[in-house]
Amino acid sequence: MDKEKLEAYWKKNLSVIRNILIIWFVVSYLFGILFYDALNAIKIGGYGLGFWFANQGSEVIFVILIFVYTSIMNKVDREFDVHED
Amino acid sequence: MGLQTTIYIIVGLTFALYIGIAIWSRAGSTKEFYVAGGGVHPVLNGMATAADWMSAASFISMAGLIAFMGYGGSLFLMGWTGGYVLLATLLAPYLRKFGKYTVPDFFKTRYYSNGAAVVAVLCLLIASITYIIGQMTGVGVAFSRFLQVDKTTGVIVGMAIVFTYAVFGGMKGITYTQVAQYCVLIIAYVIPAIFISMHLTGNPIPQLGLGSHFTGSDMYLLDKLDQVVTELGFAKYSTSVRISKLNMFVYTLSLMIGTAGLPHVIMRFFTVPKVRDARASAGWALLFIAILYTTAPAVGAMARLNLHTTLNKALLTGGDVFAPENNIKYEDRPGWFKRWEVTGLLKFTDKNGDGRIQYYNDKNKAFQAKAEAAGWKGNELVVNRDIMVLANPEIAKLPNWVIGLVAAGGLAAALSTAAGLLLAISSAISHDLLKNFLMPDLSEKGELMAGRIAMACSIIVAGYLGLNPPDFAAGTVAIAFGLAASSLFPAIMMGIFSKTMNRQGAIAGMLAGIIFTMFYVFGYKGLFFIKGTAYFPKPVNGYWFLGIEPNAIGAIGALLNFIVAFIVKNMTAPVPEDIAEMVENVRYPKGAGEAAAGH
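Chains as they are written, first to last, in the working numbering: chain A, 1 to 85; chain B, 86 to 684.
Some hints here could point you the wrong way.
Reference excerpt, derived from the structure (chain A facing chain B, CB under 7 angstroms, subset only) [to be verified]: (1) E4; (2) W10; (3) S15; (4) N19; (5) I20; (6) F25; (7) S28; (8) L30; (9) G46; (10) E59; (11) F67.
Don't read these hints as lab results, they were simulated from the structure. In this text, a Cβ means the ideal position worked out from N, Cα and C, and glycines have one as well.
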């Protein structure tokens with residue numbers, strides 16, 4: 001297979017992973033832990049925003065992240081013609 | 086029909102279901118035994134992974150942990166789910182493309198040596214065995230509590246059932262049984278939660294109920310909870326940090342990396358037909374897991390609030406918590422209270438002899454002074470956190486079949502995890518040690534037999550350890566994560582993402598990571614957890630070396646693993662060219678064949 005094309009595919013994959021992991025880090029480690037107290041000043045219903053991220057939000061966003069990654073990569077696979085038959 | 090009969094019938098029906106599935110899906114080849122024939126649909130694989138993943142600890146203990154830890158407990162919620170993002174993006178698709186049966190298979194090929202595979206087998210066994218001891222204890226507790234048999238009988242019955250479907254069915258039997266077990270455990274978890282949420286907030290969805298108004302007041306449930314616990318001298322629910330923010334950060338990271346490094350979880354992604362299914366499978370697994378994990382904080386908070394307000398009437402009416410008439414009389418205690426006293430998980434001692442229950446935080450000095458003025462002589466109630474989930478249906482006055490369902494759910498959670506771990510252990514022994522290393526001439530039939538014998542032996546060892554748990558059993562689950570995080574995850578990730586990582590680097594990194602983690606854990610908990618052999622000074626006022634508790638140290642071990650691996654790699658011979666090419670080939674999905682053994 002074309003070596004340059006594969007390299008471009010891998011670069012694309014790495015950049016998608018980087019973006020996914022940035023969000024992964026922000027919602028749990030930043031919103032759920034480090035900025036917890038500051039975010040709790042914002043209320044959604046009975047939840048402080050920090051509390052919501054730590055207890056529910058992170059988990060929900062993690063699920064979405066994986067499905068988004070899967071669908072982006074399925075598209076990229078086809079674009080670079082490296083998908084399975 | 087009596088409660089006990091109902092429990093027997095429901096638990097009996099679920100067991101019949103599991104065994105029926107096991108007979109139907111009996112494994113005929115090593116491929117079916119190790120990877121279920123490589124043809125499990127991603128949604129089903131996701132359910133099976135979720136059941137495999139959610140252990141007795143998730144089902145029984147987690148909500149209780151959160152109830153008493155407050156905000157700090159959310160590190161388990163984030164930590165035990167976030168690892169799936171790492172799995173989906175960093176490991177699962179490439180390992181599926183790699184097309185091997187087991188985790189050490191990967192090490193053998195990618196790091197071109199038996200040495201790397203043997204180190205991986207060792208790390209795998211240390212992490213898995215640490216984990217399984219907790220499961221077998223859980224099986225014993227669940228059986229003895231719900232079936233009213235003694236613990237020994239409980240563990241033996243549990244072993245016999247796992248034996249039936251794990252030994253005959255292998256991965257195939259385990260996978261399909263786990264799908265059924267997932268359904269049982271999630272229904273059993275969610276139904277009582279819905280009732281409790283309705284009762285306390287009027288909102289049937291627990292995830293929303295937690296953010297709603299407390300029934301009969303204009304306060305939000307969480308604010309009410311903060312008020313109630315502080316009135317009893319406990320730390321405020323929504324701000325109680327686990328030791329420190331740094332510790333929570335590192336602990337969460339350890340659980341996440343550990344999740345992605347636990348062999349019995351990684352193995353699940355060898356069983357799907359395609360690379361893209363491996364990515365999607367992680368998503369389905371996490372979706373099914375998240376249903377329980379987002380319900381758990383609601384169950385924890387609501388159960389805690391329910392418990393306090395049941396025992397001290399002033400908390401609801403806004404009266405004086407110290408007034409005697411507001412503390413309920415011991416003789417007026419509710420029925421569930423009596424039933425759980427029998428198990429010893431709820432213990433009352435009338436310290437001031439007034440015949441009433443005073444449940445508060447007597448370790449809070451300022452509050453204790455006020456309490457003494459009111460004639461309270463210390464906290465009188467010891468509540469085991471595990472009853473928060475198990476007694477919930479009784480506290481909420483739910484019908485008997487719900488209690489029976491919770492019993493079946495707890496057993497399903499413990500059995501499914503035990504089976505998955507046993508498969509990881511037995512395949513490491515029969516496939517990676519015997520077939521790939523010691524006896525390469527073993528025929529497929531011989532290997533299948535060896536796999537079954539290894540599984541049977543592991544069940545007996547696990548059962549023995551479950552019956553005679555080393556005194557560290559309770560604290561071991563988190564440590565298993567630390568061990569997997571510090572050894573396996575970094576080496577697998579570097580094997581995919583670095584073309585230049587070589588054998589020497591990977592082996593040195595794994596050894597450095599796991600030895601450091603064990604050294605730190607043993608320093609505080611004793612050499613191999615033997616009491617009195619701890620060589621670090623006792624932590625004073627929550628002070629740990631680096632400010633990090635032993636359960637959380639795995640992330641630092643993982644970091645060390647990466648650093649050592651890169652240093653050693655740069656000092657030793659480069660990777661052979663064909664390996665670099667193989668790594669390149671792993672990175673794109675095209676041409677992924679079916680999972681294959683050895684070479």
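(request) Go through the numbered hints given earlier and state which of them the structure violates, listing their numbers in rising order. (result) 1, 3, 4, 6 and 8
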